[in-house]
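S.K.: Each chain, written out:
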Amino acid sequence: MRIEVLESAFDPWREVFKQESSLSPGSFGATAVFVGTMRDMNEGDTVTQMTLEHYAGMTEGHLSQLAQQVQADHEILDIVILHRVGTITPGDPIVLVGVWSEHRAEAFEACEKIVEYLKSQAPFWKKERLSDGADRWVEHNTAGPRQVLN
Amino acid sequence: MRIEVLESAFDPWREVFKQESSLSPGSFGATAVFVGTMRDMNEGDTVTQMTLEHYAGMTEGHLSQLAQQVQADHEILDIVILHRVGTITPGDPIVLVGVWSEHRAEAFEACEKIVEYLKSQAPFWKKERLSDGADRWVEHNTAGPRQVLN
Amino acid sequence: MTITVRFFASLADRVGRREELISNEGIHTARDAWMHCVSDIPIPGNALVAINQEYSDFDATIKEGDEVAFFPPVTGG
Amino acid sequence: MTITVRFFASLADRVGRREELISNEGIHTARDAWMHCVSDIPIPGNALVAINQEYSDFDATIKEGDEVAFFPPVTGG
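Protein chains in written order, with our numbering: chain A, 1 to 150; chain B, 151 to 300; chain C, 301 to 377; chain D, 378 to 454.
Hints may contain errors.
[What the hints assert, rightly or not] Using C-beta positions, here's what the derived DEER-type ranges look like:
#1 D:N423 with B:L173: 29 to 39 Å
#2 B:S270 with C:N352: 18 to 28 Å
#3 B:D285 with C:E367: 21 to 31 Å
#4 A:T48 with D:L398: 33 to 43 Å
#5 B:T196 with A:D135: 56 to 66 Å
#6 A:D135 with D:L398: 25 to 35 Å
#7 A:T89 with C:R314: 53 to 63 Å
#8 B:S174 with A:A72: 53 to 63 Å
#9 B:A222 with C:R317: 33 to 43 Å
#10 A:A56 with B:A284: 55 to 65 Å
Quick caveat, the hints were computed from the structure, so don't treat them as lab data.
Keep in mind it's a predicted model, so treat the numbers as computed, not measured.
For every residue, glycine included, the Cβ atom is placed at its ideal position computed from N, Cα and C.
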């Protein structure tokens with residue numbers, strides 16, 4: 001299991017490959033991955049860069065607790081959660097959640113549960129810079145796919 | 151969009167990276183990926199290899215129709231579906247489904263819908279070789295996470 | 301003109317062949333095609349049928365040049 | 378001994394600082410800590426509070442050495 005807050009850019013597909021390489025081939029049958037990426041538009045405005053702030057310590061502690069809980073509840077073999085902080089530009093990955101399990105039901109459910117938790121509970125905040133140079137804090141995240149948190 | 155049946159091994163993370171490279175950075179905010187991988191166990195038995203058969207033509211036609219339908223229904227930016235055929239061994243990827251969209255709800259829903267359709271409708275069949283050398287056809291797939299097909 | 305009948309996976313093993321070309325005389329439905337090809341084996345209860353690569357049913361009408369395929373439940377993905 | 382009070386994101390901008398060390402005399406709850414630090418600004422309706430890095434509420438008791446953090450709704454992921 002790997003839970004990390006990163007201060008520099010990362011390639012999510014390379015990180016998934018690396019994490020998977022530590023698993024025994026043939027042990028897992030399903031991998032579900034979510035990657036959140038910075039868009040160049042939000043609420044109708046062009047966004048040129050974004051600064052991600054977090055509550056160091058609380059973030060990592062909560063994500064670790066969550067990952068352990070989800071692993072126990074859903075028969076999960078491994079989990080990777082990476083979240084970027086600092087200043088980023090459109091196209092940069094913000095978050096990676098990867099889950100490995102024997103069967104697909106567990107992988108999908110665990111991946112969505114972690115993403116929804118992360119969006120609603122983990123102490124990260126986004127500040128956008130608009131094309132006119134003004135900064136604004138993002139006030140709320142968009143809704144999730146359906147209620148997956150128990 | 152890329153829909154392909156492959157007769158040789160593929161690296162799903164490399165293929166996702168390649169597909170994503172063709173998209174405009176900043177245009178997508180969410181990527182949901184599912185990879186199905188051959189396990190070394192099924193129904194309590196050790197499996198040493200597997201042969202995947204498909205109905206060439208019907209498979210590609212149905213998957214393309216599905217992908218176009220899902221893209222229209224869910225505001226999806228891009229889709230990749232790769233499915234292996236031929237003889238494989240434990241740890242080999244069988245299927246990759248990757249979906250890019252602006253927001254996560256659409257990506258998750260579209261990815262799961264494609265995977266469930268693929269498991270229940272696409273004309274692929276698996277034959278397993280057990281550790282004693284005997285071959286057996288897989289009779290049915292395991293259940294999906296929940297009802298996602300409309 | 302003929303009808304192409306195809307069998308896949310465990311059904312191909314069971315009937316002992318993968319493809320057969322038949323004349324359409326007296327063959328009106330997918331069920332007729334099965335009976336013509338494999339008269340000694342009843343159609344398995346879980347068998348699926350596709351006509352020209354679209355899912356269909358055993359009582360669907362087939363015509364000259366059609367491709368009729370019989371196969372077990374799918375197990376890909 | 379002191380209590381550490383922290384502010385994050387738009388709340389830090391609004392109160393004009395990110396961290397403050399206060400003595401706990403007369404401060405019993407998270408709400409008291411806010412009032413002590415930013416008496417001129419009422420607590421925003423959507424503000425969240427964490428005590429020692431766990432979500433809590435404004436009326437929770439705080440004690441010597443605690444870290445009390447105030448922040449707006451989270452927007453990560």
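S.K.: Would you list, in rising numerical order, the hints stated earlier that this structure does not obey?
M.R.: 8
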